Amino acid sequence: MNTPFEQSLLPHLDAAYNLARWLLRDEHDARDSVQDACLRAFQARDRFRGGDGRAWLLTIVRNVCYTRLRQVRREKSPEAFDELQHGAVDAAAETAAQARREADHARLDAALAALPEEMREVIVLHELEDLSYKEIATVVGIPLGTVMSRLARARLRLQRELKQPPAPEDSHGLQ
Amino acid sequence: MDCNEARPLLDAHLDEELDVVHDAAVAAHLETCAGCAALALELTEQRRQRQALLTRHRAPPELTASIRAAWREAEDAMPPKSRGWPRGANRWLALAASVAVAASAGYYFGGQHAQRTALLGELTAAHVRARLTGHLIDVASSDQHTVKPWFAGKVDFAPQVPDLAAQGFPLVGGRLERLAGRTVATLVYGRRRHTIDLQVWAGPPAPLSGAFSADGYSIRGWSAGGLNFAAVSDVAPEDLAAFAELVRGAAR
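Just so you know, the protein sequences line up as chains A and B, in that order.
All residue numbers for the first sequence refer to this note's numbering, where the first residue is 1 and numbers rise by one.
All residue numbers for the second sequence refer to this note's numbering, where the first residue is 176 and numbers rise by one.
One thing to keep in mind: the hints can contain errors.
[Said to hold, decoys possible] No farther apart than 20 Å at their CA atoms in a straight line, the calculated lysine to aspartate or glutamate pairs in the DMTMM-like style are these: (1) A:K134 <-> B:E420; (2) A:K134 <-> B:D198; (3) B:K323 <-> B:D313; (4) A:K163 <-> B:E220; (5) A:K134 <-> B:D313; (6) A:K134 <-> B:D194; (7) B:K329 <-> B:D313; (8) A:K134 <-> B:D409; (9) A:K134 <-> B:D190; (10) B:K329 <-> B:D318; (11) A:K163 <-> B:E420; (12) A:K134 <-> B:E217.
Because the hints were derived from the structure by calculation, they are not lab data.
Computed from a predicted model, the values in this text were never measured in an experiment.
I would like the entire structure built from these sequences, with the hints used as guidance.
Here you go:
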């Protein structure tokens with residue numbers, strides 16, 4: 001039998017993992033961070049009373065991820081670019097259409113991975129996790145208007161990345 | 176509105192995130208400006224591609240298992256007095272139990288609670304089942320004047336079908352469900368890419384007034400005019416609350 005606490009957070013573990021995986025670009029770091037965030041969520045459960053479990057969990061996951069990113073950057077800078085999991089086209093793709101789809105898929109993933117975190121996270125939250133602007137504002141801790149402009153800029157940047165051959169990423173900050 | 180005003184709002188318009196006034200202004204501009212309309216099409220196609228092709232990583236099953244184990248362990252490590260969630264729930268349970276005992280057989284409270292738990296289970300099961308089987312709607316229409324008469328003769332009441340498209344909840348259609356041995360009218364509304372089931376059935380007020388969650392879904396229930404209403408969805412609880420308010424407001 002699940003406790004109410006489990007019931008309100010369990011459905012959102014996929015979203016939590018997806019955000020961590022995209023922010024950290026590493027499977028093991030993502031697992032550790034989600035595990036850590038879930039324990040923190042448990043410890044802080046008194047502050048969560050039946051509100052939006054997804055936004056609440058994602059906020060904690062995001063904080064844990066950013067703390068980890070700061071630590072990693074202090075230890076090894078400049079940051080080593082993580083080789084993408086989807087860099088290679090799947091050899092099992094038999095038909096041309098399938099191969100093209102695999103390639104499109106890899107190109108889009110690579111373009112998103114190359115965006116600065118601030119842009120990457122709004123794309124992940126909006127397009128993959130289907131959060132509203134208001135929910136994103138809560139999770140990221142920025143005003144609604146900033147969500148709107150950041151998402152628009154992130155999309156433009158992503159489309160630009162798609163048109164260009166892969167280049168080493170320049171900066172992690174927002175211009 | 177001209178192109179310079181419309182373009183910065185285009186993304187939010189396509190995301191259905193603009194307020195009604197700006198949204199209508201952008202829509203009107205798109206009707207008359209071929210350039211902006213073409214851009215809107217391109218943006219929509221780009222978004223479709225992102226949603227179709229970007230990897231959505233899923234939590235590995237062993238991660239889920241290890242998180243559940245960690246929660247159990249943390250729960251067990253707590254002093255018994257503060258155990259449970261939310262804190263103090265045990266005290267309320269104890270109080271409820273003593274009240275129930277005081278109410279002689281205690282069947283009123285116990286009965287209501289059990290009835291509510293069963294109803295919540297049935298409501299979420301119906302919502303999930305409809306999505307799994309793809310049997311979301313029996314009558315597909317965004318027109319309230321098509322959906323309302325469709326229910327005539329199928330249920331023993333005439334459900335109100337409010338038009339909430341302007342508020343961001345377009346009508347998708349309706350279907351019939353069997354819940355707790357009754358035929359229930361289900362109105363299906365959209366909210367961005369989610370759907371909301373609004374279940375309506377006649378009868379004495381069900382013990383379902385308020386906001387609940389079950390299996391990660393949000394439920395809001397109320398009774399009015401001899402009918403029971405339950406909105407079930409995976410949208411954010413505040414969106415569902417806004418939806419429930421609009422439906423209740425439309426009935427007044």
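Results for each hint:
no. : hint              : result
1   : A:K134 <-> B:E420 : holds (19 Å)
2   : A:K134 <-> B:D198 : holds (17 Å)
3   : B:K323 <-> B:D313 : holds (12 Å)
4   : A:K163 <-> B:E220 : holds (15 Å)
5   : A:K134 <-> B:D313 : violated (33 Å)
6   : A:K134 <-> B:D194 : holds (13 Å)
7   : B:K329 <-> B:D313 : holds (12 Å)
8   : A:K134 <-> B:D409 : holds (16 Å)
9   : A:K134 <-> B:D190 : holds (12 Å)
10  : B:K329 <-> B:D318 : holds (19 Å)
11  : A:K163 <-> B:E420 : violated (46 Å)
12  : A:K134 <-> B:E217 : violated (25 Å)
Hint check: violations occur at hints 5, 11, 12; the rest are consistent with the structure.
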